[in-house]
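Enquirer: When the letters of the sequence shown are read in order and numbered with mature numbering (1 follows the signal peptide of the UniProt record, and there is no 0), they come out as residues -36 to -1, 1 to 311.
Just so you know, the hints here were simulated from the structure itself, not pulled from any lab data. Here the structure is a predicted model, which means the values were calculated and not measured. A couple of the hints might just be wrong.
Stated by the list, open to error - The calculated lysine-lysine pairs, modelled on BS3-like cross-linking and capped at a C-alpha distance of 25 Å, are:
{"hint": "1", "residue 1": "124", "residue 2": "7"}
{"hint": "2", "residue 1": "7", "residue 2": "171"}
{"hint": "3", "residue 1": "171", "residue 2": "124"}
{"hint": "4", "residue 1": "299", "residue 2": "12"}
{"hint": "5", "residue 1": "111", "residue 2": "12"}
{"hint": "6", "residue 1": "139", "residue 2": "153"}
{"hint": "7", "residue 1": "299", "residue 2": "33"}
{"hint": "8", "residue 1": "7", "residue 2": "111"}
{"hint": "9", "residue 1": "153", "residue 2": "8"}
{"hint": "10", "residue 1": "8", "residue 2": "33"}
{"hint": "11", "residue 1": "7", "residue 2": "153"}
{"hint": "12", "residue 1": "111", "residue 2": "8"}
{"hint": "13", "residue 1": "153", "residue 2": "124"}
{"hint": "14", "residue 1": "171", "residue 2": "33"}
{"hint": "15", "residue 1": "150", "residue 2": "139"}
{"hint": "16", "residue 1": "236", "residue 2": "12"}
{"hint": "17", "residue 1": "12", "residue 2": "124"}
{"hint": "18", "residue 1": "33", "residue 2": "111"}
{"hint": "19", "residue 1": "8", "residue 2": "150"}
{"hint": "20", "residue 1": "171", "residue 2": "299"}
{"hint": "21", "residue 1": "33", "residue 2": "150"}
{"hint": "22", "residue 1": "12", "residue 2": "139"}
{"hint": "23", "residue 1": "124", "residue 2": "209"}
{"hint": "24", "residue 1": "150", "residue 2": "124"}
{"hint": "25", "residue 1": "124", "residue 2": "139"}
{"hint": "26", "residue 1": "33", "residue 2": "153"}
{"hint": "27", "residue 1": "145", "residue 2": "124"}
Stated by the list, open to error - Computed spacing ranges between beta-carbons, pair by pair:
{"hint": "28", "residue 1": "140", "residue 2": "190", "range": "11 to 21 Å"}
{"hint": "29", "residue 1": "208", "residue 2": "47", "range": "54 to 64 Å"}
{"hint": "30", "residue 1": "126", "residue 2": "304", "range": "38 to 48 Å"}
{"hint": "31", "residue 1": "190", "residue 2": "51", "range": "55 to 65 Å"}
{"hint": "32", "residue 1": "51", "residue 2": "114", "range": "42 to 52 Å"}
Note that the Cβ used here is the ideal one computed from N, Cα and C, for glycine as well.
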Amino acid sequence: MASHRRPKQPSRARVSVLTAAAATAVALSAQVAAHAAPSPSPKKDDVKAQIDQLNEEAEQATERYNGAKERADQLRRQADQIQDQVARGQEQMTQLQSGLAEVAGEQYRTGGIDPSVQLMLTSDPSGYLDKASSVQQASSSQAEALKGLQDQQRRLDQQKVEAAAVLASLDSTTKDLNQSKAEVGKKLKDAQDLLNSLSAADRAAVKAAQQQADRASRGSERTDLGSLPQASGMAGAAVANAMGKQGSPYVWGATGPSTFDCSGLMVWAYGKAGVSLPRTSQAQGNYGTRVPSLAEAQPGDLIIYRPDRSHVGMYIGNGMVVHAPHTGDVVKVMKADAMQINAIRRV
């Protein structure tokens, strides 16, 4: 007859040893798997999309920088003018105070006797009336000088208040300027770091894809003015100026003559034609008169892109614009509707 004894249970010590060994084996297996199957490298299509987004954000920050710089330049000029006024006002104050001081000194030297009394005691009675008239005039001049001194003091105090306000505003604007500048640099660095994270083959593929997209948007490598509709006047001159800069590098914050950002190209091209445009694409989007649609656009019109108006190009005819795209690119033409149009303005 078979016995039914319970199987012998392993000791607690043995269980602990086995558990530790199993955990070690799992950890080693995980390490081996990690080395055997490294995390996949970023996909070039994803990286390209991120780089395009960063370039767009960098351009947005560039336009903020341009706006802050324009404002800072205006405030500096305003502060210089007010400070010059304060300096001239202070000089006038000094002269007025000096004149009144002489009057006070003369009164002190004469013992403070009323000038009319002094005339009555003069040894030359025949000249009394003439001198009395002169004294009256002098007293009137003194009163006017005192009033002028008071008015000048009020103007000077007001100018000092204005100067302090302008300088405070300049300080705030300078902080915005530096922040936007740092933001541009960071966006561009992030884009370059993303590109560097790809293999050499993938980097080449991303650049090739970008070039292909550029060619598709342009339709040709370089557009000749001779193939475009003729424009006259300032608009025609601006188109010729901008088209003459095809191939010039994009540099954020630049307004020519050899490097440009998007709004800087517009400023330079129209500036050479005798028209002073606002510095930023946002401000250019409010300049001139509205053109209802692309079908009604004429050469020289400014086409403002994106909902935030952070990009601008110049219409050249035949459904094309000339523009400065972004860092790493050059001034070139593209199809006018290759990006989302926000507004069209006639200068």
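Enquirer: Quick check: does the Cβ-Cβ distance between residue 51 and residue 114 fall within 42 to 52 Å?
Expert: violated, 20 Å
Enquirer: Is it true that the CA of residue 145 sits at most 25 Å from the CA of residue 124?
Expert: Since the Cα atoms of residue 145 and residue 124 sit roughly 31 Å apart, the hinted pair is violated (cutoff 25 Å).
Enquirer: Between residue 33 and residue 111, does the CA-CA distance stay at or below 25 Å?
Expert: Violated, at about 42 Å.
Enquirer: Would the pair residue 7 and residue 171 pass a check requiring their Cα atoms to be no farther apart than 25 Å?
Expert: Roughly 14 Å between the alpha carbons, so the hint for residue 7 and residue 171 holds.
Enquirer: Is 38 to 48 Å respected by the C-beta to C-beta distance linking residue 126 and residue 304?
Expert: Given range 38 to 48 Å: holds, Cβ gap about 43 Å.
Enquirer: Does residue 171 pair with residue 299 here, judged by a C-alpha cut-off of 25 Å?
Expert: The given pair, whose Cα atoms are some 20 Å apart, holds under the 25 Å limit.
Enquirer: Given the hint that residue 7 pairs with residue 111, test it: the Cα-Cα distance must not exceed 25 Å.
Expert: violated, 79 Å
Enquirer: Indicate whether the distance between the beta carbons of residue 140 and residue 190 respects the range 11 to 21 Å.
Expert: Because 44 Å falls outside the window, the suggested range is violated.
Enquirer: Compare the distance between the alpha carbons of residue 236 and residue 12 with 25 Å, and conclude whether the hinted pair is satisfied.
Expert: Since the Cα atoms of residue 236 and residue 12 sit roughly 37 Å apart, the hinted pair is violated (cutoff 25 Å).
Enquirer: Are residue 12 and residue 139 close enough, with their CA atoms no more than 25 Å apart?
Expert: Measuring from Cα to Cα gives roughly 32 Å; hence the hint is violated.
Enquirer: Okay, residue 190 versus residue 51 on CB: inside 55 to 65 Å?
Expert: Holds, at about 57 Å.
Enquirer: Checking one constraint from the list: CA of residue 111 to CA of residue 12, max 25 Å. Satisfied?
Expert: violated, 73 Å
In terms of the numbered hints stated before, the structure departs from hints 1, 3, 5, 7, 8, 10, 12, 13, 14, 16, 17, 18, 22, 23, 24, 27, 28, 29 and 32, listed from lowest to highest.
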